[in-house]
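Trainee: Top line first, the protein sequences correspond to chains X and D.
What the first sequence shows, in the numbering used here, is residues 1 to 342, in sequence order.
What the second sequence shows, in the numbering used here, is residues 1 to 351, in sequence order.
Keep in mind the hints are simulated off the structure, nothing from the lab.
Simulated pairs of lysine to any residue, SDA-like, Cα-Cα distance not exceeding 25 Å:
#1 X:K328 - X:M290
#2 X:K328 - D:R139
#3 X:K328 - D:A141
#4 X:K328 - D:D144
#5 X:K330 - D:R146
#6 X:K328 - D:L140
#7 X:K328 - D:D143
#8 X:K328 - D:V136
Keep in mind that this is a model prediction, so the values were computed, not measured.
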Amino acid sequence: MTLLSTPADRSASGSRLERLGAAHVALAVALVIFPAIGSDFFLTQIGGYSLIFGMLALSLMMLAGYGGMVSLAQMTVAGIAGYMVAIFGQNSSGVLGFGWPWWIAVPFAVLVAALASALIGAISVRTEGIYTIMITLAIATATFYFTQQNYTIFNGFPGFAGLKAPVFWSVDWRSPVAFYYLCLGMAALVYAAVLYGSRSTFGLTLQAIRDNPRRMRAIGFDVTAHKIFAWFLAGVIAGLAGVLLVWFNGRISPGTIGVSAAINVLIIAVIGGIRHPIGPFLGAVVVVMMQTFAIDIVGAERFNTLIGLVFLVIVFVSPDGLLGLWGKIKPHIAQESLRSGP
Amino acid sequence: MTMPQRTSAQPGLPAGGGLSRAQAWGLAGLLAGALLLWLMLGIWPAWLNAVLISKKAFASAILNGLTLAGLYFLVASGFTLVFGLMRNVNLAHGSLYLLGAYVGYEVTTRTGYWLLGVAAGFLVLAALGVVMQVLVFRRLAGDDLRQTLVTIGISIVAADLMLAAWGGSTYQIATPAWLDGAVTLPVITAVKSNGAAVFLNYPFYRLVVLLTAIAIGVGLWLMLNRTRVGMMIRAGVDDRAMLSASGVNVHAVFAVVFAVGAGLAGFAGVVGGSALSVAPGEDVRYLLASLVVVIVGGMGSITGAAIGALLIGLAEQIGLVYFPTYGVVVTFLIMVVTLAIRPQGIMGRAR
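Bound-form chain D, shown alone (with noise of 0.2 Å):
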């Protein structure tokens, strides 16, 4: 099975000769990747680390910017399964990962397992999902605006609730000693004197984090496109009655579905409290990043939240780093220039 070959079969473009507007992406892509693979491995000449700042400083950025993109991807996963496939609006998504994050907390301080808390933070938002997918979203199935109402009615109820179960004050999460301490990466940040390298120490479990973000997503992908699960999925969002029709309890289709989006949240919430913190207003900026990553990537696409995820992970640290104040700006003039160029993103399907 390969890739459906879409943009080089459109009409209007030039038969041969010229590259189709996929391969010129994919070159444009490979040629980003190749230059920042020299920034992170070569060495530095002095010019450029005095434009740069330092290569650790640099190094750094990318890296954690890749690491918080995995984060995004992971609470934005959900969010544009949700959305994408059900057409269901749930900005209470930001709420699941704040209350993920408080489960994996509680479970992992009480019992002392950390990976307790994960599959807790996992299974126990997993659940609250079919909950409100009963309860809310089968009730006020497409009737957009209601729904957004509703889960913001929610998100408000929540936040001042879990204010009420764990206070004003910032956790975090303890790490079992296996993920904690730091690795050393073949990126050399400077050369000393004596002509020895010094080499970058970067936090391992932030490492894992972004691993885990990569291969979530792969199995994502391949349990959309790959699986009768998947397919089925994808028929019922373009037309339910059909599906219906051929046999298929949606309903249970879309609880699953529900399930995973609200689980991935609530995952995403131990996984991203372990590696920063749990504190209130964390559930605005989750929603927050979960919006412009799929507003950038495209609705209900898993390749545009990966996207998404990455640009503007990338975005908000190296501006973090080089620009402080004007950060937020930066991600968001990525979505105006991706809104005015593909209104429906950069993955989206044109509706």
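Bound-form chain X, shown alone (with noise of 0.2 Å):
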């Protein structure tokens, strides 16, 4: 597994602007600036929708890069909590909707998410590698089907419609800047949640884990709880993804959960790079872009295709997806300006 052996990403030492990173800071203001700039289409369709896949991946990429376990399953998480966001709100659809309010609703959903991801978990740690990958696309399958044929919970084929995002502190956080600040806020949040995480106790024994199992239970660690625990905490950040993504969308069906989609978010992971945290919300804007504007080049038929060999080539070349490829460059980069200096 040399796409997840990596070395724990190191913080320089320094001030704490010096730590947090120039980079990080360019980005952010860049970020919060966006919607001076950017249009409505690009705000919602192009950030939102990035930002939502980037949470995703990252709950992925957290479960892949720090324990080792890739899952299929993360957009599973996510449907529950939309599903869970359906059927406790309100829905449109005539089926169920509790009409709880939706500081209630979200957080049930969230939890409800991560349970069954810890659940998920607990099923696919006793086995490794491909194991994992293997069991839970198939329980991310099993789901899929089930969601689609049920119609007593989760109203079958047609799913819910209907589900809109609330409206308190008297903003309306469907209209598009609103809803862009949303998903921007949650994203930062558990981007440095994420960060934070990996460098804390917890982070630091699951990445060794990863590396090594059998020493870590010979010390005494106990190595399943901590990956259930991952599990855990990856279905919350799948969930709160989830819960954005039902409001995005404003529906919420058995397609939304389906195979392909669960495939897209290993895909986004990939391709930005599963190294670091960053790379999921890096992969996802690539994606997204590519989703929107491939169409205008090859059409909106052969746009798997499309992206598909793209994926093929970047899992070819280079393993660790676009930051692995800026890792490569970077140094001769360095090289280049060194040498045309004066």
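Take each chain as given, in its own frame, and dock them per the hints.
Mentor: This is the structure:
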């Protein structure tokens, strides 16, 4: 598993600003002032959508990059949160819809999603590597077929419609700018949490378990419990993304959590790079941009061929995605600038 | 030559007295088989008809389940052969099935010979399998994750290209006249008031599918366990370098295995496309089936694939009749329970 055995990224010591990194500050400023220049279309269809899928892929990156567990069930977890919001909140499909206020329904949905994620983890942690991928893929597919066939709880094929982002603090969170900032805020929160968590005791233990589970077990760590807790945390992130996704689409149906959607999350994480939490967001932007603009080049019909080929090229050229590619190119650029200097 | 009795020689089991684990499982299997046989052949009392809807529905569900298990076995045996023996993860296996079905459809409709379509499905996919082995898996040997990612990429591209070539409509491969029609089985579904027994009619083709799957399964098992090639394959799994050092062309052996694995998927595609239908999305369905079958049965074991296919096929069809909504959940439960008790699968070797 060369792709996953990464050295823990080290943070340079120094002042708080220095440690935060100039790149981070520049990126944050650019993202915050983006609404001033971007159109509504760019704000939601590119900005919000990328941030949501970045969060989903981040939950996978966390499991795969730090825990060594590649999951294809992150979309399923997000879908569970989405369905919970639809079932316990309000929907216009006339099935269930308990009408709980958003501030109860959303935390409840995220909690259910996180518990479901922990359950998926509990099923799959006894296996490793490719077996985890297969089992999570099987779970994702089984959930998809189940939601499609079950009409009493999940309303079968049509799913739920009319799911609106709430209005509170006299802000309509469905409007493009507000929704963009909501996604940005959530993404920044989970990004910071993952960065912080990766350097915490738990994060370091998890990475050590990834690298040598037998030794960690010998020292006395409960390997299974650590892994399942990682699944729980990843479930929280995926659940939050799921809630945002439902508000973004205004609806949820089995198609949302289908196999291609589940694989899409993996593609995003791998294209961006699975070694650092920024990779998933990078991958999300690339994939969403391609999804939006490739239609003009190859037409909507053959879009999957294009994205599949890009994915194949990246996996063949650089196992660490675009971040890994950048890591390879960077030294050359640095050399180049030295040479051309006066 | 006899089967190695590894369970009875296990340390920790009481010597003499009581049953060994293998014997206990064998006995349980025998009892279940006898019960099933009685359910199929016996004349049901009224209360049983009331509980299980009807004898006809039950018998059809069992037979459909067995046929589906045969189909699943054909697909999953190729998957488990390639994975278990060569550690090559091929998540494009479902695409091989679907492509085989399309190839079979094209050849059968153009030439009018169904058997030619079956042969083409096997041969074209076998050739494609060798190409995949050489171009993809040989380069990524030993790197599970990249193999997974690359084959996922291939399956996405393949699904899209097949959609471009054949569109979204559903095809059915026409079977020849000698395979059509129904046969009357010695299974009494009901007794008329005048005392005449009503026997079950069942499509002949589906029985042929089942028999073919059994024949191929036995053939594979014999090839792996009783022939020189099979010995080389098994040796290559355990120690590739040593096999290579003893003068065997390992690449050639593995290319052959991949050809057989991919060819079986293509073969299953034509056979399945004649019994059911060919449509986009079937690739995912059969990939999932193969995954669940080999997870339940144990990776790399032909016997395991047969047991897994039997369990999943029967569960799916019985589920379809008795609890339509939760059929998928039953399949899924079988997988979870297996994993909880034996993470390596029923016939899998502990790693």
